[in-house]
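K.L.:
Sequence:
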Amino acid sequence: MDVPYAQLQLKHQKQHMVLSIGSIADDYTGAADLASMFVQAGLRTVQWFGPLPKDQSFNTYDAAVIALKTRSAPAHVAVEQSNEALNSLQHLGAKKIFFKYCSTFDSTEDGNIGPVAASLLDRLQARQTIICPAFPGNGRTVYLGHLFVNGCLLNESGMQNHPLNPMTDANLLRILQRQTSKKVGLINYEVVQQGWDAILQRLAVLQKENVQLVICDTLCDDHLAALARAVRNSHLATGGSAIGYWLARDIAEQNGTSLPWKRKSDPTGGAVVLSGSCSPATQRQVACFRQSRPSMALDVPGIIRGDACVEKCIDWAANYLGESPVLIYSSPTPSELAAIHRQFGRRLAAQAVESALAKIAQGLVAGGVTTLVVAGGETSGAVIDALQIPGLSVGPSIETGVPLTESLGTPPLTLVLKSGNFGGDNFFAKALEAAK
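For the sequence shown, position 388 (counting from the first letter as 1) is numbered 388 according to the UniProt record's numbering, and the numbering increases by one without interruption.
Bear in mind the hints are in silico, worked out from the structure with no lab data behind them.
This one's a predicted model, so the numbers in the text were calculated from it and none came from an experiment.
In this text, a Cβ means the ideal position worked out from N, Cα and C, and glycines have one as well.
A couple of the hints might just be wrong.
[As the list claims (entries may be wrong)] Lysine to aspartate or glutamate pairs mimicking DMTMM-like chemistry, simulated, CA-CA at most 25 Å apart:
no.: 1; residue 1: Lys262; residue 2: Glu109
no.: 2; residue 1: Lys208; residue 2: Asp315
no.: 3; residue 1: Lys262; residue 2: Glu433
no.: 4; residue 1: Lys312; residue 2: Glu336
no.: 5; residue 1: Lys264; residue 2: Glu433
no.: 6; residue 1: Lys262; residue 2: Glu311
no.: 7; residue 1: Lys208; residue 2: Asp197
no.: 8; residue 1: Lys208; residue 2: Asp169
no.: 9; residue 1: Lys182; residue 2: Asp222
no.: 10; residue 1: Lys182; residue 2: Asp250
no.: 11; residue 1: Lys262; residue 2: Asp250
[Claimed, not checked] Label-pair restraints from in silico Cβ distances:
no.: 12; residue 1: Asp122; residue 2: Gly256; range: 31 to 41 Å
no.: 13; residue 1: Cys288; residue 2: Tyr320; range: 37 to 47 Å
no.: 14; residue 1: Asp122; residue 2: Thr333; range: 41 to 51 Å
no.: 15; residue 1: Gly368; residue 2: Ser292; range: 37 to 47 Å
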């Protein structure tokens with residue numbers, strides 16, 4: 001929807017703008033993915049890491065995404081942190097709350113998607129919310145309550161090998177009902193296909209049956225658009241970034257879009273790619289980048305033993321940064337990863353890699369690096385925390401779900417935070433080109 005420029009200017013001169021939508025995201029790259037969707041839909045968006053200071057305001061933004069690191073956290077921790085984020089968004093006057101999780105529904109039987117969604121329902125005094133992880137554009141679809149990835153059942157898609165949240169069941173009703181005492185139900189394909197009015201009617205029937213968490217079959221963008229329209233007046237929605245886009249688009253069509261994004265400064269220092277993801281997509285990206293750029297693999301056993309691996313990586317990268325971007329990575333194959341897990345344990349190995357890459361980021365930024373491309377949700381979280389970056393101004397998407405961003409505060413850094421599963425084989429080179 002086109003809006004006159006003068007009207008847009010007036011909109012952003014308001015000193016007490018109320019957020020149209022506020023989101024709680026369960027990891028940093030997922031938050032960036034969602035923020036990119038909000039921007040694409042026409043909302044000026046800020047991404048914030050962790051709890052907001054009480055005096056924080058976002059007067060020039062339409063949407064705020066609070067990024068947490070709760071995807072793999074115990075349920076009680078995730079609930080506590082999500083409730084704190086909700087308090088911040090309510091303080092900012094957010095009209096709608098959106099709980100964002102991964103399109104592959106990363107949440108085991110002991111996971112926290114169900115507990116967090118249930119807690120948000122209670123605190124908002126809402127009676128019902130949709131559960132919509134689907135992202136058809138990236139091959140994530142839901143049919144008869146089962147989640148598919150590129151046509152394969154979730155538990156046969158490679159996600160069964162996830163190092164932190166192995167997904168061994170594709171039945172979302174079964175997964176979610178194990179996590180919560182609230183009743184879980186389904187709006188199936190036949191209803192969704194009929195459009196938003198049919199969805200709204202079915203939601204009303206389910207509400208009378210005391211179904212509070214409603215999984216939605218979703219096979220295409222038309223289904224997402226219909227679902228977003230059906231929950232226009234709901235206080236809470238949950239799902240992946242794709243339904244987030246359609247919620248934001250529905251808002252933008254009602255309120256108008258915002259001014260284009262601009263960076264405050266141009267990156268002048270070196271550029272580094274840090275990869276801690278073991279996903280097949282990231283493995284292909286690492287292999288592609290290594291063909292033409294300097295690259296160095298992390299020595300995971302050496303890190304755990306306490307060898308000087310971090311210092312070695314920083315010194316190595318410094319030799320190239322004036323001439324070329326570099327890649328430092330830990331993206332082992334499934335068999336290599338299994339061997340590392342057998343020797344050191346799943347959790348210790350993951351924490352060692354995250355900590356090492358975060359320390360490497362600190363050292364390289366201190367040495368003048370101004371552009372960071374980071375692959376992997378947990379790795380991105382560790383890097384952001386180590387650099388003490390409070391938030392990001394979110395710009396256009398480089399590829400679906402991965403935006404170009406600029407850190408808030410001084411000095412500004414250009415950052416690209418990529419979920420492990422996202423991006424084409426040449427993504428790292430594409431991201432570095434966009435960051436120039």
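K.L.:
Determine which of the earlier numbered hints do not hold for this structure and return their numbers in increasing order.
P.N.:
1, 2, 6, 8, 9, 10, 13 and 15
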